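Engineer: The chain contents come next:
2 protein chains.
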Amino acid sequence: MTASRTLKPVLRIDMPSKLRLGRGKIELLEHIRDTGSITAAGRRMDMSYRRAWQLVDTINRMFTAVAVEAQRGGRQGGGAVVTPFGEELIARFRRMEMLVVVALDEELEWLESHQSLNDMPLISGD
Amino acid sequence: MTASRTLKPVLRIDMPSKLRLGRGKIELLEHIRDTGSITAAGRRMDMSYRRAWQLVDTINRMFTAVAVEAQRGGRQGGGAVVTPFGEELIARFRRMEMLVVVALDEELEWLESHQSLNDMPLISGD
Chain A
0 MTASRTLKPV LRIDMPSKLR LGRGKIELLE HIRDTGSITA AGRRMDMSYR RAWQLVDTIN
60 RMFTAVAVEA QRGGRQGGGA VVTPFGEELI ARFRRMEMLV VVALDEELEW LESHQSLNDM
120 PLISGD
Chain B
0 MTASRTLKPV LRIDMPSKLR LGRGKIELLE HIRDTGSITA AGRRMDMSYR RAWQLVDTIN
60 RMFTAVAVEA QRGGRQGGGA VVTPFGEELI ARFRRMEMLV VVALDEELEW LESHQSLNDM
120 PLISGD
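Protein chains in written order, with numbering that gives the first Met the number 0: chain A, 0 to 125; chain B, 0 to 125.
Derived by calculation from the structure, the hints in this document are not laboratory data.
On a predicted model such as this, the values are computed, not experimentally measured, just so you know.
Keep in mind that a hint or two might mislead.
Note that the list lumps identical chains together, so a pair holds whenever it fits in one copy or between two copies.
Stated by the list, open to error - Once the Cα atoms are required to be at most 25 Å apart in a straight line, the calculated SDA-like pairs of lysine to any residue come out as:
| id | residue 1 | residue 2 |
| --- | --- | --- |
| 1 | LYS7 | THR63 |
| 2 | LYS7 | GLN53 |
| 3 | LYS17 | LEU107 |
| 4 | LYS17 | TRP109 |
Next up, chain A with everything else stripped away, as it sits in the complex (with noise of 0.2 Å):
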């Protein structure tokens, strides 16, 4: 069972407001509670640190409630801190990604037995 799938389900949730929240947006989020930072959170996943900062700022709109509280300013653009929310849309997340694995298990495994072993250089796409 859903143990050990060689195919691994992205998921993303679409908003009305075009928005799109999916692996990126929680993953910089954990980095900022585990760096304390959201320029050190950006530079771990190769990004600029104006792009991470336009992150945080879509998420922060995105919701009700903030997900990073951040003070611009100092040299190291100062500190940034994963709020009580922020961690329940990160726990949350990850938790419709278990769910979500767990829901195509036999459906994966169909997959799986039908993929083709041959590793060919390919168009990209979905």
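For chain A, the structure is supplied; the task is to place chain B on it using the hints.
Structural biologist: Same frame as chain A, now just chain B:
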């Protein structure tokens, strides 16, 4: 339950080969089934002839069975037919999407209830 969520989970399956199976390829298969033509199917998705063919080629190499049987040639690019395996792939992917919606119902409800109602222009990315 599950009825009319405004948040839509979007599913993608990542394979070890780096290939991805998602809505794009499945929708292309559905259009091929409906039009009998790769070119026409691509047109329905605002996709170039070349791109549509490349995607079909990729889909056909992802699995142990082909999903589309096509005949090159002719001005319109010949006809194309979705194989029984392709039909099963479509059906199973659509089923997986349903399973995800059901599995995430409670979590989506929580996310919805915390969704900001302000519409604002934003940064893309997930």
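Engineer: Checked against the structure, which of the hints given earlier come out wrong?
Structural biologist: Violated hints: none; all satisfied.
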